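> Listed below are the residues making up each chain.
2 protein chains.
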Amino acid sequence: MRIAIVFGGSSFEHEISIVSAITLKNVFKKLTPLFIFVDAKRDFYLIEAQNMKSKFFSSKEYLKKSKKVTLEKGGFAVPSMLGAKKIDFDIALNLIHGRDGEDGKIAALFDFFGVKYIGPRIEASVLSYNKLYTKLLAEHLGVKTLPYITLKRGAERKVTIEYPLIIKPVRLGSSIGVSIVKSAKELDYALDVAFEFDDEVLIEPFIEGIKEYNLAGVYAKEWLLSLIEEPQKEEFLDFDKKYMDFSRDERVKEAAIDAALVEKIQESFKKIYDPLFKGAIIRCDFFVIDKSVYLNEINPIPGSMANYLFKDFEAVVESIATNLPKEREINISYLYINNIQKAKGKA
Amino acid sequence: MRIAIVFGGSSFEHEISIVSAITLKNVFKKLTPLFIFVDAKRDFYLIEAQNMKSKFFSSKEYLKKSKKVTLEKGGFAVPSMLGAKKIDFDIALNLIHGRDGEDGKIAALFDFFGVKYIGPRIEASVLSYNKLYTKLLAEHLGVKTLPYITLKRGAERKVTIEYPLIIKPVRLGSSIGVSIVKSAKELDYALDVAFEFDDEVLIEPFIEGIKEYNLAGVYAKEWLLSLIEEPQKEEFLDFDKKYMDFSRDERVKEAAIDAALVEKIQESFKKIYDPLFKGAIIRCDFFVIDKSVYLNEINPIPGSMANYLFKDFEAVVESIATNLPKEREINISYLYINNIQKAKGKA
Numbered sequence: 001m002r003i004a005i006v007f008g009g010s011s012f013e014h015e016i017s018i019v020s021a022i023t024l025k026n027v028f029k030k031l032t033p034l035f036i037f038v039d040a041k042r043d044f045y046l047i048e049a050q051n052m053k054s055k056f057f058s059s060k061e062y063l064k065k066s067k068k069v070t071l072e073k074g075g076f077a078v079p080s081m082l083g084a085k086k087i088d089f090d091i092a093l094n095l096i097h098g099r100d101g102e103d104g105k106i107a108a109l110f111d112f113f114g115v116k117y118i119g120p121r122i123e124a125s126v127l128s129y130n131k132l133y134t135k136l137l138a139e140h141l142g143v144k145t146l147p148y149i150t151l152k153r154g155a156e157r158k159v160t161i162e163y164p165l166i167i168k169p170v171r172l173g174s175s176i177g178v179s180i181v182k183s184a185k186e187l188d189y190a191l192d193v194a195f196e197f198d199d200e201v202l203i204e205p206f207i208e209g210i211k212e213y214n215l216a217g218v219y220a221k222e223w224l225l226s227l228i229e230e231p232q233k234e235e236f237l238d239f240d241k242k243y244m245d246f247s248r249d250e251r252v253k254e255a256a257i258d259a260a261l262v263e264k265i266q267e268s269f270k271k272i273y274d275p276l277f278k279g280a281i282i283r284c285d286f287f288v289i290d291k292s293v294y295l296n297e298i299n300p301i302p303g304s305m306a307n308y309l310f311k312d313f314e315a316v317v318e319s320i321a322t323n324l325p326k327e328r329e330i331n332i333s334y335l336y337i338n339n340i341q342k343a344k345g346k347a
Numbered sequence: 001m002r003i004a005i006v007f008g009g010s011s012f013e014h015e016i017s018i019v020s021a022i023t024l025k026n027v028f029k030k031l032t033p034l035f036i037f038v039d040a041k042r043d044f045y046l047i048e049a050q051n052m053k054s055k056f057f058s059s060k061e062y063l064k065k066s067k068k069v070t071l072e073k074g075g076f077a078v079p080s081m082l083g084a085k086k087i088d089f090d091i092a093l094n095l096i097h098g099r100d101g102e103d104g105k106i107a108a109l110f111d112f113f114g115v116k117y118i119g120p121r122i123e124a125s126v127l128s129y130n131k132l133y134t135k136l137l138a139e140h141l142g143v144k145t146l147p148y149i150t151l152k153r154g155a156e157r158k159v160t161i162e163y164p165l166i167i168k169p170v171r172l173g174s175s176i177g178v179s180i181v182k183s184a185k186e187l188d189y190a191l192d193v194a195f196e197f198d199d200e201v202l203i204e205p206f207i208e209g210i211k212e213y214n215l216a217g218v219y220a221k222e223w224l225l226s227l228i229e230e231p232q233k234e235e236f237l238d239f240d241k242k243y244m245d246f247s248r249d250e251r252v253k254e255a256a257i258d259a260a261l262v263e264k265i266q267e268s269f270k271k272i273y274d275p276l277f278k279g280a281i282i283r284c285d286f287f288v289i290d291k292s293v294y295l296n297e298i299n300p301i302p303g304s305m306a307n308y309l310f311k312d313f314e315a316v317v318e319s320i321a322t323n324l325p326k327e328r329e330i331n332i333s334y335l336y337i338n339n340i341q342k343a344k345g346k347a
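Here the protein sequences come in this chain order: A and B. First residue of the first sequence: 1, per the numbering used here; consecutive thereafter. First residue of the second sequence: 1, per the numbering used here; consecutive thereafter.
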């Protein structure tokens, strides 16, 4: 099976998507990936495997050395004087973190152009990219989340949650624009930072030393769930530290928790995943307070695809690749227009 | 201003999108539209104005007589031996009802390829296309909706709402697959019908003779709200009768309601619209029970763009065309990768 890893994008997480893609290159042993880079201008480039080094992108060497390709029905093609030449692959893997990849754009492009892909579909993207919508969804599905308020840019900065609290732009991942606020005097600055990145922010209580557990998985005829990790953390993982997620390729230690808690976490994961996230390999981050499980966030395109959480990541990829959600066939028969024509005596 | 009306799509509402487009052709007097047809296979065609007749599509004449065009950065182009020739227009109008148009695909395509357009953005599309998500959103925004339950295909058909009730596929518009169910013995058949169109259905009480009011509008530096119509209805508007919406171009009679109710309806509309639907001309359908306003549904691409509700529809189009939401600029500086390179001593 030939997988086209699509990475980059017009996103604050553009650079870590490059890191993720380089990591996956090393993770894949049986599968032979090819690499499609989406640059900051949203042009597509086919990148040779030997050029999959971060400097190749940061130095803009790709502009000179790589072929610009176009998105066409069924895939990508290399334009040439003799007509476009289709790039040969079986399935695309959406590895664009943040905007373009996680907001539904790539999903929509691939759906529209009939490209088979691993990744969240449009609805799944929108509901996980926006942390407020994730809350509304989780609540509807009976999965707890922390209490929260939202504030819009320009609105009165009235905060009804007790300090310390955590402020997040509603729509970003990877801790960008996130601050912990310990007292009212730090509030304005933290809000200003978050509003740099979005027009709406989410505010939740910040619970020092809260237990966090990560679980990744897919449903592909059967559940393929990863082990559960208790991520290492300092007081707060900022962007640089979180970078580690994107370059990880060594398997991690399983969290030391009892079977009952494992099951609760798995059940919460399944409620969130099925059926909305079918076709995607996602990682959910949970909090546990007094043995209750709370969804913290959904990563529909996790750093390095959370490969390090799975015993056999390539087997997971192969399994989902052959169990993708199918688009409903719509047969357009023009019966309706024909009937109108007939009624008008024009048919 | 030159407007490209994009219509058709791989949608159960493909045919009524054609009807909407033909209607708008007649509505536009000052603006000169051009027409881009998305056929059932999702190929794009440039349609000459004189060919904007329903039979031109149902007979598939467009395959022979119209030029196939491609979506490219900034717009559409006609391919030729001498290189693609850009089609000249200022702004696109997304007039694809149902799938492709209202589910976020066209929004994503236009966002990605940098095409300026009138229509719901990706998030707005997903939240209005899915009636369950519309409920969750409305509740969050403090706008009432009727009580409901949802059922998934294959799940136990346990209905806790009293008869009569109304069953709707979660994701379709234009009354497709919708049934009114008067007693338990009609339930299974109605659910089977709805599951023909979607994997999840929404069930609400059906309230005979409920008062319904429609309001359309946009925010473009200021609120441009239409008059409020009380739509004519028989017991229930099925697809054929609803067709009228798509071919309407005569202004309607204003509903005979008092100023207080007008204001309540307008306030509900504004809560829903701002900021999620910026860039779109939408119509919201409300119920009124005991002077309380309930959102029934959001039409982010209403039939014939609800032109018949506005005093000067073209002025509304011109106004929104010059007040579209702008994408946030993301400057990718490779600072992060450069820092890593430096730390490794490679820079």
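Be a bit skeptical, because a hint or two may be false.
Identical chains share a label here; the pair holds if one copy fits it or two copies do between them.
[Stated by the list, open to error] Computed cross-link-like contacts, BS3-like style, restricted to lysine-lysine with a CA-CA straight-line distance of at most 25 Å:
#	residue 1	residue 2
1	Lys342	Lys60
2	Lys30	Lys264
3	Lys152	Lys278
4	Lys152	Lys221
5	Lys291	Lys144
6	Lys53	Lys342
7	Lys68	Lys85
8	Lys85	Lys67
9	Lys30	Lys60
10	Lys311	Lys270
11	Lys326	Lys116
12	Lys67	Lys291
13	Lys73	Lys60
14	Lys344	Lys253
15	Lys41	Lys73
16	Lys41	Lys85
17	Lys64	Lys342
18	Lys270	Lys326
19	Lys86	Lys67
20	Lys271	Lys182
21	Lys182	Lys116
22	Lys291	Lys86
23	Lys270	Lys41
Since the hints were made in silico from the structure, they are not lab data. Keep in mind it's a predicted model, so treat the numbers as computed, not measured.
> Each hint needs a verdict: does it hold in this structure or not?
Results for each hint:
1. Lys342 / Lys60: Between copies only: 17 Å across, 61 Å inside.
2. Lys30 / Lys264: Answer is neither: 34 Å inside a copy and 62 Å across each miss the 25 Å cutoff.
3. Lys152 / Lys278: Close across copies (15 Å), not inside one copy (32 Å); limit 25 Å.
4. Lys152 / Lys221: The answer is between: 18 Å across copies meets 25 Å, while 42 Å in one copy does not.
5. Lys291 / Lys144: within (12 Å within a copy, 35 Å between copies)
6. Lys53 / Lys342: So lysine 53 and lysine 342 pass the 25 Å test across copies only (14 Å; inside, 64 Å).
7. Lys68 / Lys85: Both: 12 Å inside a copy, 19 Å across copies.
8. Lys85 / Lys67: Close inside one copy (12 Å) and across copies (22 Å); limit 25 Å.
9. Lys30 / Lys60: The answer is neither: 30 Å in one copy and 47 Å across copies each exceed 25 Å.
10. Lys311 / Lys270: The answer is within: 19 Å in one copy meets 25 Å, while 51 Å across copies does not.
11. Lys326 / Lys116: within (9 Å within a copy, 30 Å between copies)
12. Lys67 / Lys291: neither (53 Å within a copy, 63 Å between copies)
13. Lys73 / Lys60: Cα proximity of lysine 73 and lysine 60: across copies only (21 Å, versus 28 Å in one copy).
14. Lys344 / Lys253: neither (72 Å within a copy, 27 Å between copies)
15. Lys41 / Lys73: Answer is both; intra-copy 21 Å and inter-copy 10 Å each pass.
16. Lys41 / Lys85: Both, since 23 Å and 21 Å are each at most 25 Å.
17. Lys64 / Lys342: between (59 Å within a copy, 23 Å between copies)
18. Lys270 / Lys326: Intra 20 Å, inter 37 Å, cutoff 25 Å: intra-copy only.
19. Lys86 / Lys67: Close inside one copy (13 Å) and across copies (23 Å); limit 25 Å.
20. Lys271 / Lys182: neither (34 Å within a copy, 32 Å between copies)
21. Lys182 / Lys116: neither (46 Å within a copy, 43 Å between copies)
22. Lys291 / Lys86: neither (53 Å within a copy, 61 Å between copies)
23. Lys270 / Lys41: Neither: 37 Å inside a chain and 35 Å across chains, both beyond 25 Å.
Against the hints set out earlier in the document, violations occur for numbers 2, 9, 12, 14, 20, 21, 22 and 23.
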